[in-house]
Amino acid sequence: MSQLSIHNLQVQRLLPINLEVLASQCITLSGPSGCGKTRLLRAIADLDPHQGEVRLNRIAQRDIPAPQWRRRVGYLPAEAAWWRERVGDHFLNPDPKRFETLGFTLEWLEREVSRLSTGERQRLALLRLLGNEPEVLLLDEPTANLDQASARRVEQLIDDYRQMRQAAVIWVTHDEQQHKNSAHHYCFKDGKLELHAWS
Amino acid sequence: MELILLTPWDLSIAALLVLLLAGLSFHLRLGIEKRLAVAAARSALQLGLLGLVLKVIFAQSNPITIGLLTLFMLLVASYEVMNRQQRRYHGFWGMGVGVLSMFLSSFSVTLLALLVILQVDPWYAPQYLIPLLGMMLGNTMTGVALSLDSLNQNAWQQRASIEARLMLGHDWQTAITEIRRNALRTGLIPILNAMAAAGVVSIPGMMTGQILAGSPPLEAAKYQILILFLVSASIGLGSVTAIWVGSKHLFDERQRLRLDRLTRPKH
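Protein chains in written order, with the working numbering: chain A, 1 to 199; chain B, 200 to 466.
Just so you know, the hints here were simulated from the structure itself, not pulled from any lab data.
None of the values given here were measured: they were computed from a predicted structure.
Yeah, the Cβ is synthetic: ideal placement off N, Cα and C, and Gly gets one too.
Any given hint might turn out to be false.
Covered stretches of chain B (chain A as the covering partner; in silico rule of three or more C-beta atoms under 8 Å from a C-beta of chain A) [said to hold, decoys possible]:
1) 365–373
2) 443–455
Now the in silico label distances, taken between C-beta atoms and shown as ranges [stated by the list, open to error]:
3) B:F271 <-> A:D89: 43 to 51 Å
4) A:Q12 <-> B:G290: 15 to 23 Å
5) A:R62 <-> B:Q372: 19 to 27 Å
6) B:G230 <-> A:T105: 53 to 61 Å
Looking at chain A on its own, in the form it has when it is part of the complex:
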């Protein structure tokens, strides 16, 4: 059971943000590029200095050591970096079932990162992140570089994970369908986060 609550969070030039994501709830965020979606996710993952309060199950961010916080509140950037040559060097306990869901096998662990396509790297980065079993997922356009079929598989995996772990999910996306499948859809407008009302 993981609930993420954000109170008066202020990052750089953004207006204070208040947001609540319940356990096994998925909310989506959208807005023009440069509006602050990435800055918000980075602040929640505690990668940038910020003001205000972020709580996980009512425990404040500053009361949890930073590495532990980032393992529990997993952030997937739009373009995840790799620091070793081989894919497998970045995985501790690869889960064959999850690899399969995204159309990989464990043989992919032997491959060189530099030879992967952007989409392959993106999907493998998601698997790498899920290996930490985070309680909260912060996803920055995880399906942006993927074809339809791969995107559906990623959605499926995230959905299964959310229900299985009762994880809270914040998902940045421009995909209409993904907005509709989420519990709430928030929109950045003039530096403010607004709940998007369905017609």
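Could you slot chain B onto chain A? The hints should help.
Here is chain B on its own, set in the frame of chain A:
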């Protein structure tokens, strides 16, 4: 063997060579003649001044003036370290890293040499202290400057991979471990090369000086070995300290990578 005293005429011949080089640079449009002239004049002036200052200090042997001179040397070395960085730390840390790392390394190694190895009496006798400390500081300065430059440049370039590791819950030391290791190696390469070439390719400056001044070659060699070892220890200690303090300062208390603490390169 008598020490052959140099006349101003002797130095002029050597200076003529530098002038010739400057002329060549002008003729070939290499564009270094001005820097060459400034550097040559600067070194002549600095060394001449040092000679005068040391003459007074040797005569007085006053611990306070000696202390002030060593402090001055430390500050100049730290300024040089800062000046050689493409990306420096903002504010106090720009100089502070150099001051701290070189004070801890060069001063303690020099002190060890004076008290334990050479057993000079009094231990602050400037004839020993100043040249020894000068050699430690001069070499350590290069090592620390190279280490810090490598650390900060690589941290800047590999920002994405460092942050990728932080995102996955690695602590800051794990996230920067390869960059640190590289920085230390970079800082130690000059002294490793110097040790490998010593006596085979090059005869180190101090040994040359002692032989010219009439010491038996074997005695000069022993001194040179001592100096090489002390210098490597000082460089190693200084670089490790600088890398430790410097890399720690790249992260804040929440282990965020804080590259905003570095300045941008000027050009």
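Checked hints:
no.	hint	verdict
1	365–373	holds (count 6)
2	443–455	holds (count 4)
3	B:F271 <-> A:D89: 43 to 51 Å	holds (49 Å)
4	A:Q12 <-> B:G290: 15 to 23 Å	holds (21 Å)
5	A:R62 <-> B:Q372: 19 to 27 Å	holds (20 Å)
6	B:G230 <-> A:T105: 53 to 61 Å	holds (60 Å)
Comparing the model with each earlier hint shows no violations; every hint is respected.
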